[in-house]
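**Q** For this one, chain A is given, so just place chain B on it according to the hints.
So the sequence lines, in the order shown, correspond to chains A and B. Residue numbers for the first sequence follow our numbering, so the first one is 849 and each next one is one higher. Residue numbers for the second sequence follow our numbering, so the first one is 31 and each next one is one higher.
Hints were generated in silico from the structure; no laboratory data involved. Hints are not guaranteed to be accurate.
[What the hints assert, rightly or not] For the chain A half of the interface with chain B, some residues (derived, Cβ under 7 Å), not all of them:
id: 1; residue: Ala886
id: 2; residue: Thr1049
id: 3; residue: Ser1057
Glycine included, C-beta positions come from ideal geometry on N, C-alpha and C.
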Amino acid sequence: MKFFTAASIIALSVAAALPTAASAADKPVVGLVMKSLANDFFKNMLEGAEAHEKKRGDYELKAIGMQNETDFESQLNGVENFITQGVDAIVIAPADSRAMVAPLKKAMDAGITVVNFDVSLDEQAKKDAGIDLAFVGPDNRGGAKMVGEALAKSLGAGGKVVILEGNPGADNAAQRKLGFEDAIAEGKLDLLDSRTAHWETEEANSVFSTMLTAHPDIQGVLAANDSMAIGVIKALDAAGRSDIKVVGFDNVPAVAPLVKDGKLLATVDQFGSQMAADAIDKALEVVAGGPKLEGWVKTNIELVTKDNVK
Amino acid sequence: MSGMSMKLMLRDAGIGIALLLLIVFFSLSTEHFLTPNNISNILTQITINLILAIGMTFVILIGGIDLSVGSMLAFCAVVAGTVLTIPDLSVFQAVCLATLAAIGTGVVCGFLNGWISAFWGLPSFIVTLGMLNIARGAALQVTDARTIYSFPPSFNAFGSQMVVGVPVVFLIALVLVAVAWFVLSKTVFGRLLYGIGNNEEAVRLAGHSLMFYKVAAFTIAGALVGIAAMVYMARLNIASPIIGIGFELNAIAAVIIGGTSLNGGRGTVVGTLLGACIIGVLANGLILFGLSDFMRQMITGVVIILAVIIDKYRERITAS
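Chain A extracted, bound-state conformation:
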């Protein structure tokens, strides 16, 4: 690790010393740093960005992903490689809201425009590093609250619910849980239990079956992503319980039939395929001499129910 850091510092100083001739030739170069491309959500996002590159035609896109959700190392290396290559902008969905602050500071010091999207960098870590960086992304907490309210409305006050959380420690998991809790408090729902199923279908199926045994009176389930909602719905099918209402998050293609036949009451679409493209637009505005981005540039989210599912 030490070696890599040392190597990247050398690479950085070399890159800073040399004119960035290759990339600055005509079109600006945007380095896109994604999370796991093994995930439908980021895959769609990358495809959206690639389509956007073709459509605009006035910039060059270089994209990197990582192997899985916790593979911080390849993101770190990716950012360092982009610095070495002297890209004009780095647009990043950070794998970790703290770990990625230091390499991004390096990029900013090298004069690269950095735009943070999807998951917000930690405020305190940004302050500690002395950088000010805007965030382009959806309001996970707001989205979770929105879908939670849809459940609350359907159940009425006093409805008994459980939460299936995402990975402990992940920022979006924490935000979604907070949003669910906001909706539970406002809708006066009764939260019986809240457990993680690590975003996974099979684990959600097992964990929820057991929660249902412990609390046969559950009336509603708030799943922090659709993969887990699918596992919950299968458990309800197996138990023959059609009276329990489920909400999810992400609007992945696999849930469309479930929303249509009412097995999934609602989910949230964050328009992931547009999110990277939106962030790239913002970055290019700054590269072209536009004003610096500030604060939180919220991207569109939408509640998806039986009425508007595609």
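**A** Frame of chain A, contents of chain B only:
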């Protein structure tokens, strides 16, 4: 009964008692543990791990390890899922072809694991670590990282079918346990697998092909991954290239808790069945008990370590 199988039975009895104690504890401490529904749930929940662990038992008995089963599960599932969603096939045809495809994929991967490690004399730890990446990459490649869904409803219904409160998928796993038990304890083939785990050189000097038995053990493990993949799809109605992450560790844990030695040569598939039950009962019981997710994870870890410590003592007693 020979002295050796007597000892093996005693070992299994010990694990069985541990399982019984857990069951008694959760029955007394939680309200819903010993209800028919919850028992069906537990049996459903342990089925996939049990099937994977049966295969893992063969591999660990010859002193090997297979780290690739989680990735292989995903690869088998997406290949089978692709077959299952081919239009214009009857449900029966589609399910038969998909099952063949899943098992075939598992067999090919397992064969490669065994052959590469035996031919070049490489540790299976490294070879299967390679396969872990190959199979995961292949699963992502064939699906372009998409989830496959919408399987035939009757296939889907099969995954939650019950016979007198026992999940059909669990019965399939039990049949596999019985077959594996027979092969390991009643056939020359099985005894030679134990022999390889105990003393590879002696088996070779007796004129047996080590290559054949090693490749066979890994191939059997691969075939079982294929079956587990079909069970996964029937149970959850999706096949995604990112499923099964870390499943190999749960399967290894079931085998080890079940009293099979990581050095090979000692252990039974009945022990593995009990080991998988212990993991399943703990996972379920601790939720009913109301313990936090983090505490639950810690306790599962403690149980794995306890199992090997107890095994150490048991080994000394049976040796003296």
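**Q** Against each hint, give a clear statement of whether it holds in the structure.
**A** Hints, one by one, checked against the model:
no. : hint    : verdict
1   : Ala886  : holds (5 Å)
2   : Thr1049 : holds (5 Å)
3   : Ser1057 : holds (4 Å)
Hint violations for this structure: none, all hints satisfied.
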